[in-house]
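Novice: Take a look at the letters that make up each chain.
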Amino acid sequence: MKTTRTLALAALLTAATFTASAQTVPDPLQLNDIKTPISPAFVVLGVAPTDVARPTTPRAVGIALISANSDSGGGGLPRNLALEVAPYWLTNRPALTFAQYDHPSFWQSLQQTLSVSVATKNGTPANNAGTANVPSSLGALGIRASWTIGASSALEQQVLAAYHAKAKTFLLQPTRPTDAEVSVALRPFVMAMREAMKQGRWIVEAAAASSAMFPNNSLDQAETQKNAIWLTPSYRFERGTFNPATGMLTEAPSIDFMTVLRYSEDRTVTVVTGRNSIDAGARLLWESDTIAVSAEHLERFGDGKRTRRTSILGEYKLTDNLYLSATFGRNFAGENPNGNLLALFGINFNAGQKPSMLAPVP
Amino acid sequence: MPSQTVPGDTLAATYAVGTAASIRISAVIGDGQLGDSAVWLDTKLLTTGDVNHFDIGSAAQLRGHQLKFRSIASDLNPQTNRTSVSYFLAGGTTDDDYTLTKQVANDGDSVVYEATFQLV
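Chains L and R supply the protein sequences, listed in that same order.
FYI, in our numbering the residues of the first sequence are 1 to 362.
FYI, in our numbering the residues of the second sequence are 363 to 482.
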């Protein structure tokens with residue numbers, strides 16, 4: 001029943017967001033297009049399927065629902081729901097040129113990638129045995145931003161030159177071309193450009209998040225649970241080949257290399273010496289249009305202890321708005337009282353493909 | 363004249379060239395989108411591509427003629443479907459700029475903008 005209620009809520013939120021955006025997406029979506037990025041708020045709650053997430057482009061509004069097998073308890077809040085908002089894109093940016101967007105300054109990059117996330121998860125207070133059965137909620141607040149480093153790849157320059165050449169043929173037509181005919185002709189070049197911009201460049205993402213327990217679902221009794229801050233440099237290898245005549249980018253499945261350095265403070269640990277930890281690790285990701293497979297390894301240092309997590313993550317796109325994820329492996333020692341087996345299944349909804357601000361009603 | 367934002371993809375306006383020795387124009391494709399422009403003076407093509415502080419001549423040469431821009435803005439930016447083009451004219455009696463905005467219906471679509479200015 002609870003699952004049904006939660007799914008219904010997610011469906012409502014999804015429908016509401018799509019209604020608000022009022023846009024259509026004619027091209028088949030790839031797996032990466034529909035995934036709501038793993039938000040910092042999810043990570044600090046411990047329900048993210050991976051510990052080393054690739055920096056992604058923030059959408060204006062994204063909602064994700066994921067079911068973790070470690071969850072328990074009831075309560076009024078939907079469990080494992082995350083909302084992420086990228087405020088920069090909620091307003092018009094007529095002065096932002098393509099060159100500034102593609103090669104932003106450090107400050108500009110922070111602005112255009114900044115996103116704030118909130119997440120909820122039902123739980124029970126860990127530090128208070130007397131209230132173990134008290135209905136409670138976990139809430140988390142996260143923030144992230146990234147910086148793209150490096151010159152355009154040869155592939156991007158090739159696609160850009162082909163786009164300009166194609167656009168010029170329409171600019172110089174004796175009569176004004178229609179939006180429809182230009183769109184049809186230029187779309188392959190535009191979509192090729194989107195992908196080419198990601199290849200052969202480093203993206204460094206910084207994130208921070210904090211979670212709190214709300215016993216009795218009361219704000220007055222809030223207790224901070226975890227704080228974390230991390231840095232994620234990643235690199236996508238240049239693997240596409242471009243045909244300037246057709247504008248088509250032949251994409252081999254992408255390969256990304258990601259690393260992470262994270263400091264965490266976990267106040268739910270009853271022994272003071274086990275509260276602080278530093279994670280350092282890496283992830284290699286192979287991704288096609290519908291399937292993504294990755295392997296990651298993290299070493300955890302802190303308060304005289306050293307442990308590790310090694311896992312494999314698989315994701316499969318079911319529909320344009322729904323995908324499944326599964327994580328298997330060995331978790332950090334002490335992460336789960338029932339052992340160090342890591343087995344996490346998720347079903348993910350996505351909403352808010354892009355911020356599409358509705359025109360004001362006259 | 364203050365900046366003006368005009369919803370839509372077409373603009374017709376006048377520009378007072380005054381007694382300027384040099385009139386300069388720019389066309390800026392905004393919202394991080396990809397695009398290009400072409401500019402004509404009457405039927406003569408002046409330039410194409412990125413139009414940035416382009417000198418189109420003196421007031422005496424330009425008065426009585428028509429300046430025409432055509433721009434294409436393509437929805438490259440995955441974070442918004444809004445496209446915009448801002449046209450700047452400087453050096454005349456006033457420095458004017460107009461921003462035309464239009465949202466594409468589908469991801470990756472393009473918009474053709476046209477703006478004509480009677481130079482008086």
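If you are wondering where the hints come from, they were derived from the structure by calculation, not from laboratory data.
Given the structure is predicted, the values throughout are model-derived calculations rather than measurements.
Any given hint could be a false lead.
The list that follows gives simulated cross-link-like pairs (lysine-lysine, DSS-like), each with its CA atoms no further than 25 Å apart [unchecked claim]:
hint	chain 1	residue 1	chain 2	residue 2
1	L	K198	R	K430
2	R	K430	L	K305
3	L	K198	L	K166
4	R	K430	R	K406
5	R	K430	L	K166
6	R	K406	L	K198
Novice: Could you tell me which of the hints above the structure violates, numbers in ascending order?
Specialist: Violated hints (numbers, rising): 1, 2, 6; every other hint is consistent with the structure.
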